[in-house]
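Visitor: One-letter residues, chain by chain:
Protein chains: 2
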Amino acid sequence: MQATQPGRGPRVRHAQRSICPVACSLDILGDRWTLLLIRDLLLGKSRYGEFLASAEGIPTNILAERLKRLEQAGIITSTPYGNHARRKEYRLTQAGEALRPIVKAMRDWGLRQFPGTRAPD
Amino acid sequence: MQATQPGRGPRVRHAQRSICPVACSLDILGDRWTLLLIRDLLLGKSRYGEFLASAEGIPTNILAERLKRLEQAGIITSTPYGNHARRKEYRLTQAGEALRPIVKAMRDWGLRQFPGTRAPD
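Residue numbers (this note's numbering), protein chains in the order written: chain A, 26 to 146; chain B, 26 to 146.
Misleading hints may appear alongside valid ones.
Claimed, not checked - Heads up, incomplete: computed chain A residues facing chain B, CB under 8 Å, no partners named:
| # | residue |
| --- | --- |
| 1 | Asp52 |
| 2 | Ala80 |
| 3 | Asn108 |
| 4 | Ala130 |
| 5 | Phe139 |
| 6 | Thr142 |
These are calculated hints, taken from the structure and not from any lab test. All C-beta atoms, glycine included, are put in the ideal place defined by N, C-alpha and C.
Given only the sequences and the hints, what does the whole structure look like? Please build it.
Guide: Below, the structure is given as structure tokens:
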């Protein structure tokens, strides 16, 4: 019962630097890779190999660590697929889906500031 | 003349990982401190000591490095003040002001996800 609040979505778990909601968000999202992984998940990607194949070339150790950390934080869930127990599909939770406005705001800023960038299809 | 485009604001300078605007934004903004500094600037703070005084306790070496990097990227400008040539006031450029929707989206997500957080006045 502690995990959700009516109408507010699941609570995200982490250690806090301050009571500022921006700081708390950055405690989880503040690095060069996490929101790219969220971008891929929002675009419908769900498998390890799909994340690895993205243009930025995320290193495998960083990818594995971020997936683990996002699952612990309650932002993604994983379910096994196929014959190999180690293969998993990753999906955004409600809290993860709620990151869409952040990714969109970054996309919009980037499109204006960096000539030659293009939003993914 | 290369620095601005009509209606698009100054171009931000950096090395790119891909043509994705989210990735380009994260190349500059993707760490635990940069957007907190932007938050403080959006709230009207402009001096080194004001940034240091924020609740998260940014280390001085990180603060100095981020201010330098943001100025090089065209997101802030600095002007000397008072009798000490080394004392500077920092202000957001047009490209920096345009980060407001990103900070707001992080605030909104944080307020929903982290019980007990409170938006700054």
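Visitor: Grab the minimum C-beta distance from Ala130 of chain A to chain B and call the hint holds if it beats 8 Å, violated otherwise.
Guide: Ala130 of chain A check passes; min Cβ-Cβ to chain B is 4 Å, inside 8 Å.
Visitor: Less than 8 Å between beta-carbons is the criterion; does Phe139 of chain A satisfy it with respect to chain B?
Guide: Hint on Phe139 of chain A: holds, closest Cβ of chain B at ~4 Å, below 8 Å.
Visitor: Given a cut of 8 Å on the nearest C-beta pair, is the interface hint for Asp52 of chain A held or broken against chain B?
Guide: Cβ of Asp52 of chain A sits 7 Å from chain B, so the hint holds.
Visitor: For the hint on Asn108 of chain A, does the least C-beta distance to chain B fall short of 8 Å?
Guide: For Asn108 of chain A, the interface hint is violated, since the closest Cβ of chain B sits about 33 Å away, which is over 8 Å.
Visitor: Would the hint on Ala80 of chain A stand, with a C-beta cut-off of 8 Å toward chain B?
Guide: For Ala80 of chain A, the interface hint holds, since the closest Cβ of chain B sits about 4 Å away, which is under 8 Å.
Visitor: Let me know if the C-beta of Thr142 of chain A comes in closer than 8 Å to any C-beta of chain B, holds or violated.
Guide: Holds. Min distance 4 Å.
Against the hints set out earlier in the document, a violation occurs for number 3 only.
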